[in-house]
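**Student:** Take a look at the letters that make up each chain.
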Amino acid sequence: MLAKRIIPCLDVSHGRVVKGKQFQHVQDVDDPVTLGKMYSGQGADELVFYDITATHEKRPIFVSTVKSIAEEISIPFTVGGGMRCADDFRQMLLAGADKVSVNSAAVLHPELIREAAERFGNQCVVLSVDGKRNGNGGWDVYIEGGRKNTGISVWEWTRRAVALGAGEICMNSIDADGEKKGYDLELNRILSEALTVPVIASGGAGTMKDFAEVLRAGADAALAASVFHFGQISIPELKKYLASQGIPVRL
Amino acid sequence: MKTVIIDYDAGNLANVYHALLREGTEAEITRDPETIRKADAMILPGVGAMGDAMAHLRQYGLTELIREEVGRGKKLAGICLGMQALFEVSEEGGQIPCLGFLPGKIEEIPAAPGRKVPHMGWNELEFRAPHWIARGLPPHPYVYFVHSYYKTPSDTADVIASADYGVSIPAVVGNDSVIGLQFHPEKSGPVGAQLWRNILEWFEK
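Those protein sequences? They're chains A and B, same order as listed. Heads up, this note's numbering is the position in the first sequence plus 84, with the first residue counted as 1. Heads up, this note's numbering is the position in the second sequence plus 143, with the first residue counted as 1.
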């Protein structure tokens, strides 16, 4: 049976992980490769490396980081942050990334999804969507790091993106993000049931129960950052807990 | 012991190279016929679509070369698309004739409620019988899959292990001269590392 995935997300700036200071048992706490290896050793199913200073001038630093991650890490990893064109995808895949995630650029130029999927395959195109409840029972798509409401419905956009070739949807809930009160279960349930590609739930993880609930709601994977980085939840304990709840996980 | 990774412009050759390097084997990534002839074993990796893959193999004169070398008893390991290429024909993008070392056909995984395509993520291997490739693995080991096409469950004689995805997905296939892995051992953590060690040991025999 296919396992539900647990995915830590690491923010990388100038080749270093930011927010990584809490790791006391690894020496070079800011090194993405060291941290990635540590999570991988703990049983993370996949990793996301997010380039938070992704301008084209900074991109070469990130490419060399991606190369060293690929050399050392033997689980799948996604890279994201500021991808603007299919050649950005190509650069990341050649450096050894398994998947590339794209967000605002795809909203502005949906054909980017089709072009990347046709050139590199649907499986490596992850559409990251920032969604926020609009007060009318739906969710709107936001871009520019959650600052700008596009007025497009999450439901319409994700369906269109899948038709264009997105192989996976990473659904970030702006409402839930940073609150640590649980994932947006309704949003993840609706998307998981309706879409024909895997859905990664993102935003809101605070307790192990939150992971169980969103995976039970239908999400194929659950992504989190701070609960892992700050040691509030350990991946081995989380996976044991999920297994005890009858959720299929890779132990 | 010289192992080559066959370069036919498929993606992720470097990830296979690094996985072998982590096990202490420096393979050569090449499409040079002489280098391939002189090697002791071959790995055919693969990410992408079968139509392109077979076209590239033909364009570089590699299909006949690989057939000749396997005919001479050289061992071949196919990974993901390289595993599918071991069979007779693939329906990915038409009716694509493949290398034909194993009988059978590659078709699209049938979509169904609750079954998303691609089959992406960690799934468990079920071995049909004890096999050298399972040496040192935990029971029902999880490995990482990413694929939309699969070897149809007919002609099961060459299936060594399967994964359950509502349909039975042949995951490890092979005979005395070829072995094929539908999943990515280079992305399957410690289980993948053990699989590479077992494959390298088989190459040595």
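Source of the hints: derived by calculation from the structure; they are not laboratory data. Since this is a predicted model, take the numbers as computed values, not measurements. Among the clues, some could well be false.
[What the hints assert, rightly or not] Away from chain B, derived, C-beta distances all over 10 Å, residues of chain A:
#1 D95
#2 I258
#3 L279
#4 Q316
[What the hints assert, rightly or not] Derived CB-CB ranges, DEER-like:
#5 W275(B) - E240(A): 22 to 30 Å
#6 E234(B) - K293(A): 43 to 51 Å
#7 S310(A) - P176(B): 50 to 58 Å
#8 A272(B) - S148(A): 18 to 26 Å
Ideal Cβ positions, reconstructed from N, Cα and C, are used throughout, including at glycine.
**Student:** Determine for every hint whether it applies to the structure shown.
**Tutor:** Quick rundown of the hints versus the structure:
Taking the minimum C-beta to C-beta distance to chain B, about 23 Å, the non-interface status of D95(A) holds against the 10 Å cut. Distance check for I258(A) against chain B: the nearest CB is about 25 Å away, which clears 10 Å, and the non-interface claim stands. Against chain B, the non-interface label of L279(A) is violated: not every CB pair exceeds 10 Å, the least being about 8 Å. At roughly 24 Å from the closest C-beta of chain B, the C-beta of Q316(A) stays outside 10 Å, upholding its exclusion from the interface.
For the pair W275(B) and E240(A), the beta carbons lie near 52 Å from each other, so the given range of 22 to 30 Å is not met. E234(B) and K293(A) have their C-beta atoms about 44 Å apart, which keeps the hinted 43 to 51 Å range intact. The hint said 50 to 58 Å for the Cβ distance between S310(A) and P176(B), and at roughly 54 Å that hint holds. At about 46 Å, the beta-carbon gap between A272(B) and S148(A) misses the expected band of 18 to 26 Å.
Hint compliance for this structure: hints 3, 5, 8 are broken, all remaining hints hold.
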